[in-house]
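Residue numbers (the numbering used here), protein chains in the order written: chain P, 1 to 91; chain L, 1 to 296; chain S, 1 to 655.
Worth flagging that the hints you see were computed from the coordinates, not collected in a lab.
Accuracy of the hints is not assured; some may be wrong.
To spell it out: a stretch of chain P is covered by chain S in this simulated footprint if at least three of its residues, at any positions, have a beta carbon under 8 Å from a beta carbon of chain S; those stretches are [said to hold, decoys possible]:
id, segment
1, 38 to 52
2, 77 to 85
Label-pair ranges, simulated between beta-carbon atoms [as the list claims (entries may be wrong)]:
id, chain 1, residue 1, chain 2, residue 2, range
3, S, Ser31, L, Pro260, 47 to 53 Å
4, L, Ile100, P, Gln65, 52 to 58 Å
5, S, Glu574, L, Leu91, 52 to 58 Å
6, L, Phe115, P, Gly25, 52 to 58 Å
7, P, Val37, S, Phe93, 47 to 53 Å
8, P, Val85, L, Gly270, 55 to 61 Å
9, P, Val85, S, Trp612, 50 to 56 Å
10, P, Gly62, L, Gly270, 25 to 31 Å
A few chain S positions that, by computed beta-carbon distances, are all more than 12 Å from chain P [what the hints assert, rightly or not]:
id, residue
11, Leu47
12, Leu80
13, Ile206
14, Met215
15, Ile239
16, Phe263
17, Asp268
18, Gly463
19, Asp637
Just so you know, these numbers come straight off a predicted model, no measurement behind them.
Glycine included, C-beta positions come from ideal geometry on N, C-alpha and C.
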Amino acid sequence: MEAVHGDLHTAAVRDVPLEHTTEDGQLRIFGFWIFIVSDLILFSTLFATFAVLRTHVAGGPGPAQLFDVGAFTAETLILLIFTVVYLPGVM
Amino acid sequence: MPNRSGRWLRWIGWLGGCLVVTGCSPEQIVVFHPAGPVAATEERLIWTSIALVSVVVVPVIALMFYIVARYRDRPNNNAPYRPKWSESKTLEIIWWGIPIVIIGILATFTVRDTFALTRPPEKVSSPLTVQVTSLDWKWLFQYPDHGVATVNYCEIPVGRPVQFILTSNAPMNSFWVPQLGGQEYTMPGMAMRLWLQADKPGVYTGRGANFSGRGYAHMTFRVVAVSDDEFNRWAAKVKQTAPPLTEDGYRKLVAQGISPELSFSSYPKGLFEDTIMMEGGMYMKHDMSILGHEKT
Amino acid sequence: MPVGVQNYTTHFFVTGDPLIYGVDVSIILVSLAIVYVLTRYRKWGWLWREWLTTVDHKRIGIMYLIAALLMLFRGGVDGLLMRTQLAWPNMHFLEAEHYNQIFTTHGTIMILFMAMPFIFAMFNIAVPLQIGARDVAFPYLNAISFWLFFFGALLFNHSFVIGGSPDAGWTSYPPLADLPFNPGPGENYYLLGLQISGIGSIATGINFFVTILKMRAPGMTLMRMPLFCWSVLAACIIIIFAFPVLTVALALLLIDRIAGAHFFTMFDGGNPMMFVNMFWIWGHPEVYIVVLPAFGIFSEVVATFSRKRIFGYSSMVASMLAIAVISYFTWVHHFFTMGAGPGVNSFFAVATMIIAIPTGVKVFNWLMTMFQGRIRITTPMLWTLGFIPNFAIGGATGVMLSVAPADYQYHNSYFLIAHFHQVLIGGTVYGMLAGMYYWWPKMFGFKLDERLGKWAFWFFNIGFYVCFLPQYLVGFMGMTRRVYIYPPGLGWEIPNLISTIGAYLMGVGFILIVADVVYSIRYGERDLTGDPWDGRTLEWSLSSPPPHYNFARIPRVDSRDAWWEMKQRRQRGEPMEEPEPLRPIHMPKNSGVPFILCVAFFVAGFGFVFNWYVFSVIGLLTVAICLFHRSFDYDTDYYIPVEELEHHEAALGRT
Chain P
1 MEAVHGDLHT AAVRDVPLEH TTEDGQLRIF GFWIFIVSDL ILFSTLFATF AVLRTHVAGG
61 PGPAQLFDVG AFTAETLILL IFTVVYLPGV M
Chain L
1 MPNRSGRWLR WIGWLGGCLV VTGCSPEQIV VFHPAGPVAA TEERLIWTSI ALVSVVVVPV
61 IALMFYIVAR YRDRPNNNAP YRPKWSESKT LEIIWWGIPI VIIGILATFT VRDTFALTRP
121 PEKVSSPLTV QVTSLDWKWL FQYPDHGVAT VNYCEIPVGR PVQFILTSNA PMNSFWVPQL
181 GGQEYTMPGM AMRLWLQADK PGVYTGRGAN FSGRGYAHMT FRVVAVSDDE FNRWAAKVKQ
241 TAPPLTEDGY RKLVAQGISP ELSFSSYPKG LFEDTIMMEG GMYMKHDMSI LGHEKT
Chain S
1 MPVGVQNYTT HFFVTGDPLI YGVDVSIILV SLAIVYVLTR YRKWGWLWRE WLTTVDHKRI
61 GIMYLIAALL MLFRGGVDGL LMRTQLAWPN MHFLEAEHYN QIFTTHGTIM ILFMAMPFIF
121 AMFNIAVPLQ IGARDVAFPY LNAISFWLFF FGALLFNHSF VIGGSPDAGW TSYPPLADLP
181 FNPGPGENYY LLGLQISGIG SIATGINFFV TILKMRAPGM TLMRMPLFCW SVLAACIIII
241 FAFPVLTVAL ALLLIDRIAG AHFFTMFDGG NPMMFVNMFW IWGHPEVYIV VLPAFGIFSE
301 VVATFSRKRI FGYSSMVASM LAIAVISYFT WVHHFFTMGA GPGVNSFFAV ATMIIAIPTG
361 VKVFNWLMTM FQGRIRITTP MLWTLGFIPN FAIGGATGVM LSVAPADYQY HNSYFLIAHF
421 HQVLIGGTVY GMLAGMYYWW PKMFGFKLDE RLGKWAFWFF NIGFYVCFLP QYLVGFMGMT
481 RRVYIYPPGL GWEIPNLIST IGAYLMGVGF ILIVADVVYS IRYGERDLTG DPWDGRTLEW
541 SLSSPPPHYN FARIPRVDSR DAWWEMKQRR QRGEPMEEPE PLRPIHMPKN SGVPFILCVA
601 FFVAGFGFVF NWYVFSVIGL LTVAICLFHR SFDYDTDYYI PVEELEHHEA ALGRT
């Protein structure tokens, strides 16, 4: 980072996406990725809890009785694929 | 100066004297007075680890005092001063190396004994089984081989491995009899095995070691180690003279409160197993196998 | 009064204890006094403009520091109350209920509301100055972090007088902490107070991680960074990876308690072990979060006061990163006795021992830094020297505890208590106090009095050993933690009495520190040079206190100990570079929104504590509005013009 600190416009270069043109913008994008890392941990913990407790239904109905598991899995996958398709659009 | 240090010495002597007078005798340091093979193994390991860590700690502290005395910023200090000296491969290899060796030795002992202590201390065809349930705020002991139960005390035969099967029908606690060996948690919905053995007859104090609420400080119990004959006589006597533990009586035990020592000639069939099943044991195949194993 | 209302008020306010009435009265008096002083001297506007709305890292650091000292006082009083109760067998100074509440709040406050803000104070005070930056990466987020911590701590402390304190231990294990065994709002206070301040901690972790990686002065490569910055970087990595796990654990337990779920309950399929695991997956790294910055401070202090380069810089960096990574593989050592099996226990025992190796290496490197140096025994250095034997013993007992079979005898005993106080006080508290004395002149422009500081150190240090060494012994005698009473005849009396005396000596030490601060505000030696200790790193190149923009010109760095090298060059009479012309400086604007946002969090949290969801909805809506406002607020920054800069610099006597 040779950019002069705090100067909003020095890093502005043609061919750089808009959000990368200021130092502020660059910092935010980097910070956001780090935030995503912490979110990954958070969700892994939730998934781990689910893995441990998924059979602990105390005699009540399980997911198979409550939900249409096949359908919501497919729906989730479709949603996720859309976000992947969205990526090339913004890159 | 000598006057001052003399006074300090006298103070230390006075304090030491106090310790003896007030009956803080070495026997009261229970962890260092094992009465069975499990506690003895653990004590040996404790001394080993103290010796090994001292190899680093004592020189470090000595070195610090030496360095501070030698390199103080005083006008006439002629000790060498090398402000730019900040790297030495040899030295660094030494102090990465020494701890690695020490930890290596200690780790070997640790792993060996960790596995050893999950097995009975001696090979014996018929270990005694005692089922332990921690309640709010008392201990229930059940003897599946004799059909009797006790509260807040238990009798065991000397020289015979005892497997304590631990669970809880209250917030988790920990079963600890320091002179016989280390503790293990009592967890609701789980059955955990702790091997202990007493080599000397005597009364050993045990206590709940994991905080479980208001009455926790009062969760002490006695472990009475007696000869085989005496143990059998005791069991027979309890069988004949003590009242039975009914379902209703058990519910009263589970209710929060402190209890005196009690004995029961019988208890509801499958009480221990059912308690565990109800609190989540059905999801723990491993724990159920401990119970199954002990039945055969 | 209608019975309903009466019933309600007696449950809302904690009643029936003279101690708590005393606190009620003093809270009211102190609040009135503050309001009076602020009104009398017309300081409300000043408070709002200069402090409550500030986004300046130095001011936020100072607020963290004040909060940490206040919490150290509260946690310390808790500790003294406990020691008083335990001074002699069968004491009836406190009953079980109160004792349980007090050790719970003592532990929670000391770790989360004392140690955490103390390290964050040091992060904020030193990191931007050391790397030659004008602020942190996200100043606005930094203000939010502080206020989240502040209102989280405030919410937690309310439990003392409103509704009742939590009493399930700072670890708050279910099923004890779950609703059937723990009705009432106390435990909710714990969960929400920690949750709210925890969000702030994650944000601080991200903020300083980005700051250190992206905002270093030109020429300051990672391997030229001061070691304190390295320690902060390592701590931030741990925060980012560990705190989300706590967030989940607390959230699930809260859902158990207020929404009737069964994640950790005893019946209906709950699994309490899951909480214990999650708690310590955060809890063990947390220990390193609070101790690594202390290591960083010691490294700075040792080098400065030995007038020597830090020894084995790369080794120091490597060991801190190794600690950060290995700290994730040791959590099971907090419950070897939970029946995980010999294989698992062996793995975690060995991993725990391995973490002692890099820690030991650091101690040797500090010793070698002093070796052949010129040691000045100032107060910061004294705390550092006090730390070394302390941590050597604490580390050694840590290795002893990691020996799994032996741990079956130490676990939950006073041996364990003595150990973790030795590393947490000897490590973190000594480190933070060293840092406080070290950077105090930088923050406030005057030094703390050395004579009083040394008295404070000796009282605290001697008191520490008197307090905690007997606890190792009494642990071997079978005394378990968290007992509020014990019978005579076990040999526990004398060690406990000695320990209590030690605790009071530490209390005297703390009072002397406060006295030192008060005395020095008036009489402390003023620091006019900006470099009172003959320092080595960039913060000492600035005036004390530094201007709000920190550096008029961002320094260029070409070695470690950049300021030391500059001074050396100047001494040798080498020609200085012509200073660049000043340029306008881009600065963030102050904002009241972080404060309002966190008040809203407080209101929402309070609503959840008492299940008054109207408050929660209002609070969370306000949070959403604040976030929305920020998203569309484009008036967030300004430029300081060159004339103003010249004026400021001239006033500071610098060109």
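Here's how the hints hold up against the structure:
1. 38 to 52: holds (count 8)
2. 77 to 85: violated (count 0)
3. S:Ser31 <-> L:Pro260: 47 to 53 Å: 50 Å, holds
4. L:Ile100 <-> P:Gln65: 52 to 58 Å: At 55 Å between Cβs, range holds.
5. S:Glu574 <-> L:Leu91: 52 to 58 Å: 32 Å, violated
6. L:Phe115 <-> P:Gly25: 52 to 58 Å: 57 Å, holds
7. P:Val37 <-> S:Phe93: 47 to 53 Å: 48 Å, holds
8. P:Val85 <-> L:Gly270: 55 to 61 Å: 59 Å, holds
9. P:Val85 <-> S:Trp612: 50 to 56 Å: 45 Å, violated
10. P:Gly62 <-> L:Gly270: 25 to 31 Å: The hint (25 to 31 Å, Cβ to Cβ) holds, given that Gly62 of chain P and Gly270 of chain L are roughly 27 Å apart.
11. Leu47: Its Cβ never comes within 12 Å of chain P, the nearest being 28 Å, so this holds.
12. Leu80: 37 Å, holds
13. Ile206: 5 Å, violated
14. Met215: With a cut-off of 12 Å, Met215 of chain S comes too close to chain P, as the shortest Cβ separation is near 7 Å.
15. Ile239: 8 Å, violated
16. Phe263: Violated, since 7 Å does not exceed 12 Å.
17. Asp268: 4 Å, violated
18. Gly463: 39 Å, holds
19. Asp637: 8 Å, violated
When held up to the earlier numbered hints, the structure conflicts with 2, 5, 9, 13, 14, 15, 16, 17, 19 and fits the remainder.
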